[in-house]
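**Student:** Letter by letter, the chains look like this.
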Amino acid sequence: MKKWILIGLTIAALAGAYVWFFMWNKPHRTAADEEAFANLTSQALYLEFKADEKATFAKYKDKIIQVSGELSEIKQDASGDTELVLNTEDPMAHVIVTLKKGDQATNAKTGTTIEIKGICNGFMYEELLETSDVLLNQGVIVDKTKE
Amino acid sequence: MKKITFLIVLIAAAFGANAQKYFTKDGSIKFFSDAKMEKIQATNNKATCVVDAATGDIQWSVLIKGFVFENAFMGEHFNETYMESDKFDKATFKGKIENISAINFKADGVYKSRVSGELTMHGVTKKVAVDAVFTVKGGAITCDSKFFVKPSDYGIVIPGDKSDSISNNIEITVKGNLQELKK
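Chains as they are written, first to last, in the numbering used here: chain A, 4 to 150; chain B, 851 to 1033.
Just chain A, same shape as in the assembly (with noise of 0.2 Å):
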């Protein structure tokens, strides 16, 4: 009978570190594993931004936006991971898509559009510098051809 009880106790044991383990360990979200929930222009996401923060940022926080516009520059954060700025229809305006850990863009053109996915973090309207920029992060580009 003890032993049955010991034998019962260690799978227990064994399944609640397989769980806390699996919870651990889980990966992060990246732009990779969904299918966007919009798809749309720089232009257009920034407007919506413009338009209205509040309801924007209720509307795609934590979803995947993908995202088409002219890319005006590549840049590594301080974390060396790579970050996209495209541009809007307004000089002051940007959408910055920071790519998943590893991701590169060494395909990708400046001056040429690009269509990439990324996870919405939100919008940042600066009063001092006069910039917009919507940002998301753990992104991928689309068109394989440019990563």
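Simulated from the structure, these hints should not be mistaken for lab results. Backbone N, C-alpha and C define an ideal beta-carbon position, used for all residues, glycine too. Some clues are possibly wrong.
So these bits of chain B aren't anywhere near chain A, every CB distance computed over 10 Å [what the hints assert, rightly or not]:
#1 Lys915
#2 Ala952
#3 Val974
#4 Thr975
Computed cross-link-like contacts, BS3-like style, restricted to lysine-lysine with a CA-CA straight-line distance of at most 30 Å [said to hold, decoys possible]:
#5 Lys78/A to Lys987/B
#6 Lys880/B to Lys66/A
#7 Lys62/A to Lys944/B
#8 Lys944/B to Lys889/B
#9 Lys889/B to Lys57/A
#10 Lys103/A to Lys880/B
#11 Lys976/B to Lys57/A
#12 Lys1012/B to Lys29/A
#13 Lys53/A to Lys871/B
#14 Lys880/B to Lys104/A
#15 Lys880/B to Lys944/B
#16 Lys976/B to Lys78/A
#17 Lys104/A to Lys889/B
#18 Lys940/B to Lys66/A
#19 Lys103/A to Lys62/A
#20 Lys937/B to Lys62/A
#21 Lys880/B to Lys78/A
#22 Lys889/B to Lys66/A
#23 Lys1032/B to Lys53/A
#24 Lys57/A to Lys940/B
Position chain B relative to chain A; hints supplied.
**Tutor:** Here is chain B on its own, set in the frame of chain A:
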């Protein structure tokens, strides 16, 4: 006459140098929670900082959802349970560099400063004063600061059974490479 012209040029130059704003949109904000059972760390590299060299006004802002954790699980808890980032999407700091007149952004040097102002996060605004260092070297300007924030001051409740995992004294490290704003 020459003296007056010289004086005018000097004053204009002084104003010109001081009316400048400096900024970054790629500032990094890290936080580190060092509790008995766990160490938790997260980074956000899309913080914005603006410094007005004339007035000493300084602003930082960051989107809460942009913090990246070592594991996804921690990030979910941070956003949903503690920061409630669906409701409170940003953290901002608005303050003043107390000794701005002692900082010359055009001359190499390491300038220690005190920055005081208001930190807003999780919908709560508190007065804070922190030490910061501005380093000017060959035209490059960096702003560094490290300070501690108590989640309980901002209405963030850490349940008793989590107190071994999450510290109520979070270390915040701020770094920005500032550039001149050209208009």
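**Student:** Please flag the earlier hints that this structure goes against, numbers listed from lowest up.
**Tutor:** 1, 9 and 16
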